[in-house]
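Peer 1: These are the residues of each chain, in order.
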Amino acid sequence: MAGKHTRDDGTIRTLAELKSALQNAIELEHSTIPTYLCALYSIQDGTNQKAVETIRSIVVEEMLHMILACNILNAIGGEPAINKPGFVPTYPGHLPDSDNSFVINLAKFSRESVDVFLKIEKPATTSEPPKAKGYQTIGQFYQAVRIGLEYVNDNTPGGIFTKDKKQRAKQITAEHYYGSGGQIIPVYTIDDAREAIAEIVGQGEGIDDTIEDSDQQMFGQGIEYAHYFRFNELHEERLYKDTDTPKSGPTGDRIVVEWDAVYNMKPNPKMDDFKAYPELLEKVRDFNRTYTLLLDNIHNACNGQPDLLMKGVAMMYQLKYKAIALMNIPVPGTRYMAGPSFEFEK
Amino acid sequence: MANNRADLFLEISALLTGFNKAELQGTGMVATYYNTVANIPQDPNYSDQELAANEANVGFFFEEVNSILKENKKDESKLQQAIAGRLMPLSAYNGLAQSIITLWYTGSWGANVVNAQAYIQGLMWDTAEAHPPGAKQPGFGSWSFPPL
Amino acid sequence: MKTDHYDVVIAGSGIAGSLIAKTLTRAGKKVLLLEAGLQAGVALDSDGAYNNYMSYLDRFYNAAAKVPNSPYPILKDAPTSNVLDVVKLTPGGPPPPGYLVQMGPLPFASDAVRGPGGTMLHWLGTTLRMLPNDFKMKTVYNQAVDWPITADDLRPYYEMAELEIGVSGEVSEQTYPDTPAPKAYFGKDYVFPMHKIPQSYLDTEIAKGVQNMTVKLNKRQYKINCISTPQGRNSTPNAKYPYRDVIWNKAEKKLKLTGLLGEKYDYNPVPSIWDAYTGQRCEGNASCVPICPVQAKYNPLKTLKRSNFDHLTIITQAVASTINIDEKTKEVTGIVYKRYNNPDSPEYTTGVAAGKIYVLAANAIENAKILLASGAANSSDQVGRNLMDHMVMLTWGLTKEKIYPYRGPGSTTNIATFRDGPFRSEHAAWISPFDNWGWSWPVFSPGSDVSDGLAMGLFGKQLRDYLNERLTRQFLLHFECEQSPDPDNRVTIDHQYLDPLGNYKPIIHYYATDYMLKSMEAAKTVSDQIFAANGIEDHTVYNPVTDAGYVTYKGQGYTYRGAGHIVGTHRMGFNKHDSVVNHEQRTWDHPNLFLAGCGNMPTLGTSNPSLTMTALTFKAAEAILKQLEK
Ligand SMILES: Cc1cc2nc3c(=O)[nH]c(=O)nc-3n(C[C@H](O)[C@H](O)[C@H](O)COP(=O)(O)OP(=O)(O)OC[C@H]3O[C@@H](n4cnc5c(N)ncnc54)[C@H](O)[C@@H]3O)c2cc1C
Ligand code: SF4
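Chains as they are written, first to last, in numbering that gives the first Met the number 0: chain U, 0 to 345; chain G, 0 to 147; chain C, 0 to 629.
Watch out, some of these pointers could steer you wrong.
Said to hold, decoys possible - Result set (EDC-like, lysine to aspartate or glutamate): computed pairs, CA atoms no more than 20 Å apart in a straight line:
id	chain 1	residue 1	chain 2	residue 2
1	U	83	U	285
2	C	239	U	285
3	U	269	G	128
4	C	460	G	10
5	U	345	U	295
6	C	460	U	306
7	U	240	C	583
8	U	319	G	10
9	C	329	C	583
10	U	49	C	583
To be verified - In silico negatives: residues of chain U with every beta carbon more than 12 Å from chain G:
id	residue
11	43
12	82
13	86
14	172
15	237
16	250
17	310
18	313
19	317
20	321
21	326
22	327
23	328
Simulated from the structure, these hints should not be mistaken for lab results. Because the structure is a prediction, the values reported are computed rather than measured. Glycine is no exception: its CB is placed at the ideal position from the N, C-alpha and C atoms.
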C-alpha cells in the first residue's frame with residue numbers, strides 16, 4: 000500500500016507525492032498502534048500503574064495523530080484509505096517506508112518491547128535531512144511532509160487547500176473526537192496543517208532539547224513529557240524531574256516496573272497458529288473481525304461520515320476486552336498465552 | 000480426556016454454563032473458581048468436621064463428573080441427560096453443580112462476591128449482551144445502537 | 000476549642016455546601032467548611048483523588064448488594080440512611096434497626112451519603128426544571144402551598160445551575176404539559192452546555208409504539224409525549240452555548256453568568272477530578288447509581304475543586320451537632336461540632352466554629368435534626384415537617400423484540416404527559432422515566448434470573464439461551480409521584496435515640512395520603528394501557544409480605560420505593576409564621592443563619608429536586624455575599 004509516489008531522495012514536489020506521503024503518514028501512525036496495544040493489554044489488571052498510564056496515554060496520542068494525518072489529507076482533497084488489506088502491517092515488520100533499521104512486533108510488555116518503542120519514538124537530530132522515504136526517525140519524515148506541503152501549496156495557483164464545502168465537511172472535529180491527549184485540529188489552511196504537524200511531532204518527540212512535549216505551549220495543558228522520554232522512564236525505571244534534559248536522562252524517583260506481572264503472550268501470533276484449536280481460533284478470528292470493522296468504521300468516518308466515530312470508540316473498547324480475554328487463554332502445548340493477531344478479516 | 004480435578008472442573012464448567020472452554024478461560028477466572036469450589040485455601044470459618052465433609056463432597060462430585068464424562072464420551076444427548084439427572088438436582092452433592100453455575104454467571108459464592116474480578120467477569124452480563132455495571136465501559140453513545 | 004473567625008461557616012460538602020464554598024471563596028470571602036465524612040474523601044490532588052475514588056469503586060465491585068451506598072465507607076460516628084435498612088414495619092412494633100428511626104406507619108425509603116461530595120456521588124443525574132404551575136399549586140389546584148417565587152424569578156439561577164452541573168440536553172425537545180413552548184419557557188436562544196446524551200436503543204424502540212398513543216384516565220384522553228431527559232453527565236459540547244462561569248459582580252451586587260469571550264474552543268466538559276482526559280464523555284458504564292467510575296457524571300467534588308483554596312479551610316471528620324444562639328440578638332454565634340479520629344470509636348473532641356454567617360447544608364433530614372437539637376429557627380413550628388420524596392411506583396414487563404437493556408446511563412427518556420394537568424386537584428402528578436437497566440431495581444436482575452433459570456432445571460446452552468432471551472427484553476417504567484407536603488410526615492428527635500457520638504438519630508413519621516394512593520392507582524391504569532398497546536408482557540408483582548413499601552387503595556395493592564429526593568423539612572415561604580426560611584434561604588428567626596438544600600423546597604414538583612435546589616443555592620450565595628458586603 001505504501002506510497003507509490005515517493006521520490007528516492009525522500010523529498011516531495013507534487014500534489015500526488017504529497018497525498019501519497021500523507022497516506023503513508025496514516026499508515027505509519029497506525030502501524031505503531033497494534034504494537035503498543037499488545038504491550039498495554041498484556042499487563043495484568045491492577046499492576047504496573049505507571050506503565051499502563053504511559054502506554055495508554057501514548058497510544059491515544061498515536062490515534063489522534065492518525066486522525067490528524069487524515070484531516071490534512073482530506074484538507075488537500077485526498078482520500079484516506081484505511082480499510083484495505085494492505086493497510087494492515089504484517090508483524091514482525093518495519094515502520095512503513097522507513098530505513099528498516101529495526102523490527103516492530105506484536106509482543107507483550109517487556110524490556111525488549113520498550114527498547115523497540117524507544118527506537119520508534121527516537122527524536123530526530125538536526126544532522127539528518129528531512130526525508131519522506133527511507134527515514135530514520137519519524138520527525139525526519141514529518142519535516143519532509145511539512146516542507147512538501149509548503150512547497151506544493153506555494154507552487155500551486157490558489158493553493159492546495161480545498162474550498163469545496165463537501166470536502167471540508169470531512170474534517171474530524173472536537174465534536175467527534177475527545178478524551179485523547181491533545182487537541183483535535185480541523186485543517187482548512189496551511190497554518191492549520193502546520194499546527195497539526197507540530198502537534199504530531201511535538202507530542203512524539205518533544206520540543207528541541209527538552210523532554211517536554213508541546214501541549215503545554217500549544218494548549219496550556221500541564222507539563223507532559225514527549226513519548227520518547229515517557230518510555231525512557233520505564234526503560235530506566237526512574238522518573239524524570241522537570242529540570243532533567245535529554246542528556247541528563249531521568250534523575251527523579253525510582254519506579255517499580257513489574258516486568259513479570261504480564262501475560263506471557265505468544266509473540267506475533269497468527270490465526271494460522273491456532274488452526275488445531277477451533278474454540279481458540281474462533282476467538283482470535285472474532286477479534287480480527289472487530290478490528291477490521293473498526294478500520295471500516297474509521298475509513299468511513301474519515302471519508303465524509305465523521306459521526307460514525309462514536310461507534311468506532313465502542314469498537315475500540317470491544318477490541319480491548321477481546322484482546323485481554325485472548326491473553327488469558329493458554330495455547331495448548333506451549334508456555335504461551337494467545338493474543339490478538341491484528342489481521343484483516345472480512 | 001481430562002485427568003486431574005482442575006481439568007475436570009473446566010470441562011464440566013463448560014457443560015454446565017453453555018460457554019465453551021476458551022470462553023471460560025478468557026475470563027481469567029478458571030483457577031480462582033476452581034480454588035473456590037475446592038476451598039483452597041481453607042476457609043478458617045469452618046470447623047475441621049465441616050471442612051472434612053466438604054472435602055469429601057467435592058471429591059465425590061469430581062469422581063461423578065469423571066465417570067459421567069467417560070461414560071458418555073460419544074453421545075451428546077446421553078451426556079446431557081446424565082448431567083441433568085446426576086448433577087443438577089439440589090440433592091446431588093449439596094447442589095454443587097448449581098453453585099458452580101451461579102459462580103460463573105454472577106461471580107458470587109454463597110452470599111459473597113468472590114472478588115472484584117469475579118463480579119466483572121460474571122457471564123450473565125455477556126449473556127445479556129451488555130457489560131457489568133461500573134466496568135468494561137462500552138463507550139460514549141454505544142447504548143444508542145444495538146450491541147455490536 | 001474555638002476556631003478562627005471566618006466570614007462564613009458551612010456544614011456539609013454536598014452540592015449545596017460546595018457551591019456556596021466555591022462561590023464565596025472566589026469572591027474573596029474566608030470560608031470554613033465542616034464535613035462529617037472522612038478526610039481521604041476530600042483529596043482533590045490527582046493521586047489522592049484517584050486512589051480514594053478507586054477504593055470506592057473496589058468496595059462497590061466487592062459488595063454483595065450493589066445498593067446506592069455500597070461504594071462508600073460506613074462510618075459509625077457519622078451514620079447514614081441505607082436502603083438495605085428499609086423493611087416492612089409492624090404496626091405498634093419497635094422501629095427496625097438502622098440510622099433512621101422509622102416510626103411509620105410506612106417506611107421512608109430513601110438514603111443519603113455522608114462523606115465529602117455528599118449524596119450526589121450516587122445520584123442518577125437527571126436535571127429537569129420544575130414547571131410553572133409547580134410553583135403555584137395552591138392558586139391553581141387548591142393543593143399544598145405556593146412558592147414565594149415563580150419559575151420566571153428562578154430562571155437566571157436555573158441557568159447558573161445548568162452551567163455548574165454541566166447539563167446535557169436539547170432545549171427544543173423540552174415540551175411539557177401546560178407550559179409555554181421551549182423557546183418561551185427557556186428563553187429564545189437558550190441552549191444547554193452540551194447536546195443531549197444519546198437516547199438509548201431501548202428508548203427509541205419503545206417510543207416507536209408509545210409516542211403519541213392515546214391513553215384514557217378518569218374519562219379524559221391524553222396523548223403520550225416521550226422526550227429526551229436533560230442530565231448532568233458529559234456529552235458533546237454545544238457550540239452555541241455562551242457561558243463559562245458565574246462570578247460575583249460587586250458593583251451590581253449580583254451573581255452573573257459570564258461568557259466565553261471569543262475563546263477558540265467550545266465549552267469544555269468538566270472531566271474527572273484526577274485527570275483531564277477521563278470523563279470528558281459519558282462512557283456508558285451504566286452504574287451512575289451508585290458510582291460513575293470515570294466521573295463523567297457531575298459530582299460536587301468538581302465544584303469544590305474549583306474553590307479558591309487560599310480562602311477555604313476544610314475540617315473533615317467533624318459532625319455538626321448544634322448551633323449556638325445569642326438569646327438577645329437571635330444571632331448565631333457558632334456551630335458546635337464533634338470531631339472523631341477513628342470513625343469506629345466513640346471518642347471525639349468538641350469544637351465551635353465561628354463566623355459572621357452560618358450555613359447548614361447537611362441534607363434535608365440532617366439540617367432539620369440540627370435545628371431541632373438547637374431549638375433554632377422554629378418559631379413557625381415547621382422545622383422537620385413536610386418531609387417529602389417522590390413515591391416511585393415501578394412496573395415491568397418483557398417486550399416482544401429485544402431492546403438490550405443494561406446499557407448506558409440509567410434513564411435517557413421520560414414521559415412528560417402527566418407532569419401537570421387539572422387532575423392535580425384530585426391526585427398527584429408524576430413523571431415516567433424509561434429505565435435502561437432492566438429489572439435490576441425491583442427484582443435484582445440479572446442475578447435473580449439466573450436463580451429462576453436454575454429453579455427451572457436449566458443448565459448449559461439452554462440456560463444461556465433462556466437468560467439471553469429474558470435479559471435482552473426487560474423493560475422497566477417508573478412513575479415518580481409528587482408527594483405533597485403534609486405536616487405529619489416529619490422528622491423529630493428524642494434522647495432515647497442517639498448515635499455513637501451522642502448526636503440525635505432522626506426519628507421519621509411517614510405515611511401516604513389518599514392523594515398519593517390515588518395517583519398510584521391512576522399511574523397503574525396508564526401503565527396497563529401502555530403495556531397492552533405495545534405487546535409488553537406484564538411481570539409486575541407487588542408483594543404484600545416482602546415489599547417494604549406495600550400499600551393498598553380500593554382493594555388493590557401497590558408498592559412504592561424511595562427516589563432519594565429528600566425534600567421539605569425546613570420549607571421556604573411567605574412569612575415567619577408559615578415557614579422556616581425566606582426566598583433568599585435565610586431563616587426568618589436568625590439574621591445570620593442560612594439553610595441550603597432540598598429542605599427549603601415547599602413542594603416537590605415532578606422533577607428531580609437537585610437542579611432546582613442548586614438554583615436556590617445560587618440565590619442563597621448571592622444573598623450571603625450581599626449581606627457580607629453591606
Ligand atoms: C439514589 C439517588 C438518586 C438520586 N438521583 C437524583 C437525580 O437524578 N436528580 C436529582 O435532582 N437528584 C437526585 N438525587 C437527590 C440528590 O442526591 C440530593 O438532592 C442532593 O445530593 C442533595 O444535596 P445536598 O448538598 O443538599 O445534600 P447531600 O448531598 O446529602 O450532602 C450533605 C453533606 O453534608 C455532610 N453532612 C451531613 N451531616 C453533617 C453534619 N452533621 N455535619 C457536617 N457535615 C454533615 C454529608 O457528609 C454530605 O457531604 C438522588 C438521590 C439518591 C439517593
Ligand atoms: S453511564 Fe457510566 S459513564 Fe455514564 S454517567 Fe453513568 S456511570 Fe458514568
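Peer 1: Which numbered hints does this structure break?
Peer 2: 2, 3, 6, 7, 8, 10, 11, 17, 18, 19, 20, 21, 22 and 23
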